[in-house]
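2 protein chains.
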Amino acid sequence: MRTTPAISLLTLCALPGTAAAGDPLPSWGEGATKKAIVDFVERVTGEGGAAFVPPAERIATFDNDGCLWAEQPMYFQAIYIFDRIRALAPVHPEWKRQEPFASVLRGDTKGALAGGERALLEMAMATHADITADEFDQHVRKWLATARHPETGRPYQAMVYQPMLELLAYLRANGFKTFIVSGGGVDFIRTFAEEVYGIPPEQVIGSSIKAKYQLVDGTPRIVKVPQLNFVDDKSGKPVGIHQHIGRRPIFAAGNSDGDFEMLEWTTTGPGARFGLLVHHTDAGREWAYDRDSHIGRLGRGLDEAPKRGWTVVDMENDWKVIYPPARGPEE
Amino acid sequence: MRTTPAISLLTLCALPGTAAAGDPLPSWGEGATKKAIVDFVERVTGEGGAAFVPPAERIATFDNDGCLWAEQPMYFQAIYIFDRIRALAPVHPEWKRQEPFASVLRGDTKGALAGGERALLEMAMATHADITADEFDQHVRKWLATARHPETGRPYQAMVYQPMLELLAYLRANGFKTFIVSGGGVDFIRTFAEEVYGIPPEQVIGSSIKAKYQLVDGTPRIVKVPQLNFVDDKSGKPVGIHQHIGRRPIFAAGNSDGDFEMLEWTTTGPGARFGLLVHHTDAGREWAYDRDSHIGRLGRGLDEAPKRGWTVVDMENDWKVIYPPARGPEE
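Residue numbers (my numbering), protein chains in the order written: chain A, 122 to 452; chain S, 122 to 452.
Careful: at least some of the hints might be erroneous.
The list treats identical chains as interchangeable, and a pair is accepted whether it falls inside one copy or across any two copies.
[To be verified] No farther apart than 20 Å at their CA atoms in a straight line, the calculated lysine to any residue pairs in the SDA-like style are these: (1) Lys333 with Leu349; (2) Lys441 with Ile416; (3) Lys355 with Gly339; (4) Lys333 with Val174; (5) Lys331 with Ala172; (6) Lys331 with Gln348; (7) Lys355 with Glu287; (8) Lys217 with Val317; (9) Lys263 with Arg207; (10) Lys333 with Val352.
Hints were generated in silico from the structure; no laboratory data involved.
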């Protein structure tokens with residue numbers, strides 16, 4: 122893929138994403154995908170129509186990694202974990218001789234991930250737990266302010282998909298309540314979801330570790346505990362939706378087979394329903410991957426989308442732009 | 122306490138609760154309590170003022186039992202559990218010889234509760250689990266439609282506090298997002314919270330059992346699993362708030378020491394904060410209880426309210442009415 126050049130503020134007004142009058146989805150090419158979305162929204166919002174859904178029930182759920190922002194060459198939260206391990210290394214001299222930390226400190230990402238989920242969980246706990254929720258929030262915000270993507274050189278928050286930002290805003294303008302339902306860590310996503318996606322913390326559902334309430338010298342705090350609480354992936358997604366939202370969405374968007382059950386749960390309910398799968402087909406402007414990817418694998422979803430009536434976004438052909446324009450040379 | 126008489130629809134317009142022009146809290150007596158609430162709301166919503174809070178951060182959390190609706194002679198959800206055990210008895214002949222079920226079937230509430238929390242949990246699992254979330258929802262709705270309070274004869278949804286309904290609406294009219302944070306079961310409360318309190322399911326936090334996603338003949342469903350997931354009481358309340366909302370409330374209301382940590386967490390943050398405790402002082406119109414009650418015990422809260430700056434509602438003197446007027450002789 123090639124790097125998006127920094128774009129001067131002067132060109133902003135002419136870019137898609139600042140909306141041609143009357144078109145709420147200017148970054149979406151005219152075609153069947155955009156038409157399917159607009160048709161659905163018009164059907165469920167058309168008062169008196171057979172498919173009308175009251176505003177309170179217009180629940181829309183979105184996966185995050187690979188659906189709202191990029192996920193290559195690896196989940197951005199994993200990059201945060203590696204960066205955080207390096208930052209913490211001076212106070213953990215034992216990590217030099219202890220895997221998977223030793224591999225991270227040698228810059229050997231592959232070695233660090235060789236231990237699979239168990240190793241990743243160990244690293245997540247070492248960087249996400251035994252600190253207060255406020256401290257974690259501050260660490261992530263500070264990281265996001267300075268970290269840059271290894272290939273594009275852009276801030277991670279700039280690697281969100283402009284067409285999806287428009288879709289979120291379009292749904293909200295039509296009375297939908299938009300939620301994130303991610304396999305990623307809920308506290309991680311909450312640090313930027315409101316500013317970047319317009320989604321408040323209480324509408325973010327994700328994987329989590331346990332937490333406890335603690336008084337230190339009479340001052341209360343929430344401490345993140347190194348114990349898994351909930352894995353919001355695959356069949357965990359409908360469960361997370363049930364526990365957190367308490368109603369069934371009528372619109373769900375994802376990009377991998379980890380989203381399959383969320384789309385299945387959403388689209389098998391009564392009345393009008395919409396399932397959207399973002400297919401990463403754009404090797405030039407983003408990345409192209411699906412069935413054989415080590416991350417964001419999409420196979421079953423592609424196979425079953427036609428018979429389930431799910432709409433598949435072909436990124437290369439359906440999206441006029443991928444990312445929002447840069448805010449400036451330094452962003 | 123005495124029973125509220127059914128009130129004809131003709132008298133409705135003259136009652137408090139249908140709002141004197143300009144007063145958003147007509148059921149609250151003029152006094153220090155009402156003044157403290159209004160002053161707080163005006164301070165945090167006054168643009169340019171030192172205590173101004175942006176709308177997105179105006180999070181208000183409310184306990185349910187004894188705070189938004191009554192909780193005597195026992196939690197209404199416990200009454201549901203007993204009624205449900207009686208309804209299920211024909212398919213559980215073994216319950217006749219098995220405690221705590223045998224006591225319930227003999228009408229011996231005290232005996233049923235003699236086993237303490239363990240017995241209550243066993244009865245909760247037997248009536249809340251191994252059914253789909255949809256089935257549970259239907260059972261509770263059907264029960265609420267016909268069940269009547271043993272002392273007032275009113276539907277349980279009519280035993281909500283009119284002054285608190287006004288407070289919820291007043292806060293929302295001032296840009297607050299209102300949440301329930303209850304020790305009660307989240308799925309139970311969600312069946313009526315939207316209609317009765319104007320609080321949508323996604324803004325209800327409560328205790329919960331686990332759930333799983335299951336396909337039966339290709340049809341997906343959420344099944345409630347007989348395993349405790351989260352106890353949203355005492356120090357669990359700030360934790361539940363953290364996991365579900367992801368931000369610290371600026372307003373919290375409760376009525377028992379189970380709400381102590383929620384009020385503590387809310388009112389020790391920076392900026393303007395409000396803690397409210399409903400004190401059940403009205404033996405005539407409701408019930409009078411606090412330190413020695415078997416339910417909704419309030420001791421530490423009363424002791425510490427003055428030094429913590431929490432506002433204590435004296436139900437007898439601060440509230441002009443307790444419940445909304447009856448909808449009709451049959452409600």
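Mind listing which of the numbered hints don't hold for this structure, in increasing order? Structure breaks hints 2, 4, 5, 7, 8.
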